[in-house]
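With chain A fixed as given, assemble chain B onto it according to the hints.
Going down the list, the sequences are from chains A and B. If you read the first sequence in this note's numbering, its first letter stands for residue 4, the second for the next number, and so on. If you read the second sequence in this note's numbering, its first letter stands for residue 4, the second for the next number, and so on.
The set of hints was computed from the structure by calculation and includes no laboratory data. Be careful, since some hints might not be right.
To be verified - Some chain A residues well away from chain B (every beta-carbon gap over 12 angstroms; in silico):
1. Asp76
2. Lys188
3. Gly212
4. Gln266
Said to hold, decoys possible - Straight-line alpha carbon distances no greater than 30 angstroms define the calculated DSSO-like cross-link-like pairs of lysine-lysine that follow:
5. A:Lys128 <-> A:Lys349
6. B:Lys188 <-> A:Lys326
7. B:Lys326 <-> A:Lys188
Ideal Cβ placement from N, Cα and C applies to all residues, glycine included.
Protein chains: 2
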Amino acid sequence: MTERPRVVIVGAGFAGLWAARGLAGAPVQVLLVDRNNFHTFLPLLYQVAAAELEPEAIAYPVRSILRTMPNVDFLLAEVEGLDLAGQQIQTSAGTIAYDFLILATGSTNHFFGVPGGQEHAFPLKTMADAVALRSQILHCYEQAAHQTDPELRRQALTFTIVGGGPTGVEFAGALAELINGPLRKDYPHLNRQDSRVVLLEAQNVLLPGLPPRLQTYAQARLQRMGVEVQLQASVEEITDSAVRIADGLTIPTQTVVWTAGVQGLPEASAWGLPVVRGRRVAVLPTLQSPEHPNVYVLGDLASLEQAGRALPMVASVATQQGKAAAQNILRQLRDEPPLPFRYQDKGSMVTIGRNAAVAHVFGRSFTGFPAWVLWLGVHLLNLIGFRNRLLVMLNWAWDYFFFERAVRLISPRLCDGNYFPSTFFV
Amino acid sequence: MTERPRVVIVGAGFAGLWAARGLAGAPVQVLLVDRNNFHTFLPLLYQVAAAELEPEAIAYPVRSILRTMPNVDFLLAEVEGLDLAGQQIQTSAGTIAYDFLILATGSTNHFFGVPGGQEHAFPLKTMADAVALRSQILHCYEQAAHQTDPELRRQALTFTIVGGGPTGVEFAGALAELINGPLRKDYPHLNRQDSRVVLLEAQNVLLPGLPPRLQTYAQARLQRMGVEVQLQASVEEITDSAVRIADGLTIPTQTVVWTAGVQGLPEASAWGLPVVRGRRVAVLPTLQSPEHPNVYVLGDLASLEQAGRALPMVASVATQQGKAAAQNILRQLRDEPPLPFRYQDKGSMVTIGRNAAVAHVFGRSFTGFPAWVLWLGVHLLNLIGFRNRLLVMLNWAWDYFFFERAVRLISPRLCDGNYFPSTFFV
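The shape of chain A in the complex, shown without the other chains (with noise of 0.2 angstroms):
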C-alpha cells in the first residue's frame, strides 16, 4: 500500500499507552484514542480518593509523552461505534477507519446484582471515582461538625468499605490515617468514638491469594489503626443510610466503598465481539479477537487464561499485552506469525499504611517496613514524568513528616455525572 498501515489504540490506560510505545517509530501510523487526554496510575488511585494525592500527580498528559513519538498522533474522543467490516470506528469527533486495531478500554464496576450498589456504592475505578469519594469523605465531615442529632452524626462519619482485596486493604489503611490525623485535628469538636472505618469482606481471610503469614499481618495491621474488619460478612443491599449484611446485621453508615468487583466494559459487546464471563472479550493467545486477526484487545478488557487461571485485571498484564501486540502487529506487517502471550507475573504488593506493606515477590514474602518501602520505591520508580515523581515525594515526605494530607477536596457531581474534568494537562 501506498500509505503506511494505520493502527487505531482505543484507551490510553497501560495496554494502550505501551502498546503506543511499541509502535513508535515503526513503519505505521498510530492513532491514540481516549475521552481523557490524560493516563492515570491506576495503582495510587486510592490514595487521591484518601486526600494524599492531587489528581494532577497520578495523571500524565498523553500529548507530553507522545512529543517523542512523530508516527503516534492524539484524539480525545470518545468511542460511539464499532465497524469490524468496515474495518472503522465511530467516535465523537468523527469516523476513523483502521487496518489494525488495539481495544484496551479497561474495565467497570460489577456489584453483582447487590441491591442499592449501582445506585449508592462509591466505586474506586477511576479518577472521577475517586474524587468523588474524597468529596464524599469530607462532606461528611463538614456536615457532622454542624449535626446535632447524635445518631445521624455517628452515620455521617461511617465509612464502610466492601472487598478484602488489595485496593480495599490500601484504602481503608489510608483512610484510617486520614480520619486520625488531618481531619481529627480540622474538627476539634468531633468525639473521636464517632468515626468509624468498617471494612468488609466475603471470604474469610483479607487480600485472598496471598500467603496466609500476608492476610494475617495486614489484618492485624488494620486492626491496630483502628479498622474494624469484618470477614464472612457478604453485602445483601446498600441504601444511602446503611448497608445489610447476609447475617441480619446493619451498619448505619452513609458511605459505603465499592472494591469488590470488576468486569469489562458493556460496549464490547455491542460492538460485536463475543465477551465471556465478567464481560470481558475472549481473545487468542496472541491476544488477537478470533474472527479478526486485524483486532487486538488489551487489559481488563482482554479475557485470557494461563495454566488454567485467567490472567488477574492488573496494571503489569497490560503493560506486558501492550508491548506484545505491538510487537505482533509488526510480525503481521512482516508475514511472521504472531506470538503467544505469556505473563511474567512479578508478584503483588499492598500497602496498610505509614510503615506498613506486605509484599510477596519472586516466592517471597515481606512484612513490614521492608515492604512499605519496597512497595514506594516500585511505584516511584514506575510513575510517569520526573515532575509527577516529585509531586508524589514531596506529598509523601509532608504526610510522613508532618502527619498531614497534603490535599483534601471536595467535588461536586459535574453534569456529565462525572466528579472529575475528563481532560487535564498536567
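Same frame as chain A, now just chain B:
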C-alpha cells in the same frame, strides 16, 4: 452579658480572614462563614488561568488557618439573606444571630452593559473563573488540532483580553508565554501564525495610573512577546465567535477575557444596605454602616474615599481594613469610639513575563529583572502556608528552567454553573 458577644464574618477573603485573625484570642465568639472552605490568593489567580499554577497552590483551607484560633469557628454555607433589625443572617445552613456583623463578600464583574459580555466573555474574578478560562484556552487548542477549516482554526486560536489594567497585562503576558512555549510543543502541527493574543484597552495607555515609563515598558515588552496591543479600543459587542470594537473593526475570536471592570455584589442592596456607584456599600471612615454601628463592611464591597479618591479594590486595602475592623469592634466592646481607617498605600507591581515586571513602590519605579524579582519575593511572602509557597516555587522554578507549564487542566461546567468545586481542602 453572660455569653461572649458573637461576631459573624461573611467572606473568607483577605478582609474577612484578617478580621478573624484580629479577633483571635479576644473575648468574643467568632463565626466565619464562606461558600468555599478555602481562602483564595487572588493576586496569582491569573496564573491558574494561564496553566502556571494548580488551584491548590493559591488556595488555603480556612479550617487549617483556624486551628490556631480556638474562639473562631467556621461554617461552610451560602448567605441568603440579612435581617438587620433582628440582627441575624439567613444561610443555606440555617439562621445565625450576631452581635457584630462583618460583611466582606467581595466584588463581581461589571460589563458596563456591553452586549454579549455577560453571556460570552470569560471573567477572571474567582477560582471557578480561572479554571473555566484555562479549560477554554486548552479546549480551543484540542479543537484546532483537528479543525480543517483555516478560518475556524484561526478563530479558535485567537484570544482577546479586554482591559489593559494589571490583570489584563499580567494575563496577556502569561498567556503569550503559555502559547509560545508548552502549547507549541504539544501541538507541533499547528501553524504558529494562527495563534494570536490581542489586548484591548479603551484608554490610550496600558496600566492607567502608573508612571508613564512603566506604561511604555509594559507595552513594549508585551509586544515583544507577540501580544497585539490595541489602545483606545472600546468594546461594542461580544459574541461567541467575535468581538466588535468602536471603530467598526471586528476580531474573529472564540475567547474573550473580561478584566475591564468590577462592582460590588448585587445582594448588598437587597439586604437593605445603601449602595452607591459600582454597587458598593457606603461606609463611615470607621468602616461601619452609617445606620448600623454593629455592622462593618470591608474590602471590595465597601465604598470609602480617602483624599478625595475612592480606595482601590485591592488585597492590601482589604487586609488593612480587616485588621482595622477587628480593632474597632474590640474598641466598641470597651466602650471606646471606633477609629477612622487610614489606608497605607505600599505601591503596586505588575509582572509581564519571564524576567519582566514593573513596580512602583515607595514612590520609586523599577522595571525588568529587579522589578520581577521584587514581585516574586513579595508574592511568595504573602502566600499563606509553607506548603503553598513550596508548591508555587516548585511550579515557578519548573516553568522558568524548563519553559514548561506545570498544570494544564480542562474542566467541564458544573451543574451549578461553576467550573470549579465550591469547596476544597489543601
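Here is how each hint holds up against the structure:
With a closest Cβ-Cβ approach of about 8 angstroms to chain B, Asp76 (chain A) is found to fall inside the 12 angstroms limit, against its non-interface label. With 12 angstroms as the threshold on Cβ separation, the claim that Lys188 (chain A) sits away from chain B is violated: the shortest Cβ distance comes to roughly 6 angstroms. The Cβ of Gly212 (chain A) lies farther than 12 angstroms from every Cβ of chain B, with a closest approach of about 36 angstroms, so its non-interface assignment holds. At roughly 27 angstroms, the least C-beta separation between Gln266 (chain A) and chain B is larger than 12 angstroms, which holds for a residue marked as non-interface.
Distance hint between Lys128 (chain A) and Lys349 (chain A) is fulfilled; the C-alpha atoms sit about 23 angstroms from each other, no more than 30 angstroms. Taking the CA atoms of Lys188 (chain B) and Lys326 (chain A), the gap is about 26 angstroms. The hint holds against a cut of 30 angstroms. The suggested pairing of Lys326 (chain B) with Lys188 (chain A) holds, with an alpha-carbon distance near 26 angstroms, which does not exceed 30 angstroms.
Taken one by one, the earlier hints fail for this structure at numbers 1, 2, listed in ascending order.
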